[in-house]
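2 protein chains.
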Amino acid sequence: MRWRAVARANCSVARSLAVVGERWTMLILREAFLGQRRFDDFQRNTGIARNILAARLRALVKHGIFQRARANGGGHIEYRLTDKGLDLYPVLVSLMRWGDQWLAGKDGPPLFLIHRGCGRTTRPAIVCTHCGGPLVAREMLAVPRAKLASARRVLRRAGA
Amino acid sequence: MRWRAVARANCSVARSLAVVGERWTMLILREAFLGQRRFDDFQRNTGIARNILAARLRALVKHGIFQRARANGGGHIEYRLTDKGLDLYPVLVSLMRWGDQWLAGKDGPPLFLIHRGCGRTTRPAIVCTHCGGPLVAREMLAVPRAKLASARRVLRRAGA
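Taken in order, these protein sequences are the chains called V and S.
Okay, so the first sequence: first residue is 1 according to my numbering, each after it adds one.
Okay, so the second sequence: first residue is 1 according to my numbering, each after it adds one.
Be careful, since some hints might not be right.
Copies of the same chain look alike in the list, so a pair counts if it works inside one copy or between any two.
What the hints assert, rightly or not - With a straight-line cut-off of 16 Å between C-alpha atoms, the simulated EDC-like cross-links for lysine to aspartate or glutamate are: (1) Lys147 to Asp107; (2) Lys62 to Asp100; (3) Lys84 to Asp41; (4) Lys84 to Asp100.
Hints are computed from structural coordinates only; laboratory data are not their basis.
Go ahead and model the full structure; you've got the sequences and the hints to work with.
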């Protein structure tokens, strides 16, 4: 199966991967979240070949993840994350957290995240929007829309 | 630059991507989180070619994300997520949430997540482990270990 077909599949994971599920693309996004906006800075910091970087940036602009603009109304070209792009932060930060947890060498995680809101070093946690409890795989059910009502009934009967 | 070099880079995002940053791998993980454990089920649900699936599963076992075992001590071969594998849930669920938000068609998100803990349909949110506030890109600073103390001082002076 080709990725174009997978992207059409009725699955939000597959659809997201069709847009950002390429490793160089993720590294470009990492740089953008670290504050980079210029072609040459993306290139230097990722080591990506210039032609591939150009193609990836074009695709990210086409998908509305970057907005292409001139700095200060006339300078060099910048690639700025749109709201859609900024909303990819949880994806990047989840990859970082997993790497910190399982792949960091003896020196520990290379980067720390400071949450300006509270001024503390933080580790991102995924929680339930309702109860605020941590969302771990074993406690989750993924249910198609058509089966939502019956799944809720089963859970209520089980006393969840 | 080749990915082997990128993976050695001192960056947890790059390291994670070197292990799971391939789209078919992510779809295999999606299936695992939906409860699948068997080669044929992975194959049917993703449409991935059998030789590629076999290679990806081998790599995931090698990296300690799946454990290979016989069902009920003697049946067919199963691929079970280890703790390291289960800990990838935030990555998958963040990709799903972004796709739900930005790429869902007119029918809306195809899958809903129910949190057994509270019995409610939930949307995963990324929050600060300290203050519980939402972690959004604009409020975050990524700081190398060596600069952590000075970054904290600057923030304190700024009254954050």
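*First find the shortest C-alpha distance between Lys62 and Asp100 inside one copy, then the shortest across copies, and answer within, between, both or neither for a cut-off of 16 Å.*
neither (32 Å within a copy, 19 Å between copies)
*Within, between, both or neither, where Lys84 and Asp41 count as close if Cα-Cα is 16 Å or less*: neither (22 Å within a copy, 33 Å between copies)
*Within a copy, between copies, both or neither: where do Lys84 and Asp100 come within 16 Å Cα-Cα?*
between (26 Å within a copy, 12 Å between copies)
*Alpha-carbon proximity between Lys147 and Asp107, which holds within one copy, between copies, both or neither at 16 Å*: Result: close only across copies, 15 Å inter versus 47 Å intra.
In this structure, the earlier hints numbered 2, 3 are contradicted, and the remaining ones agree with it.
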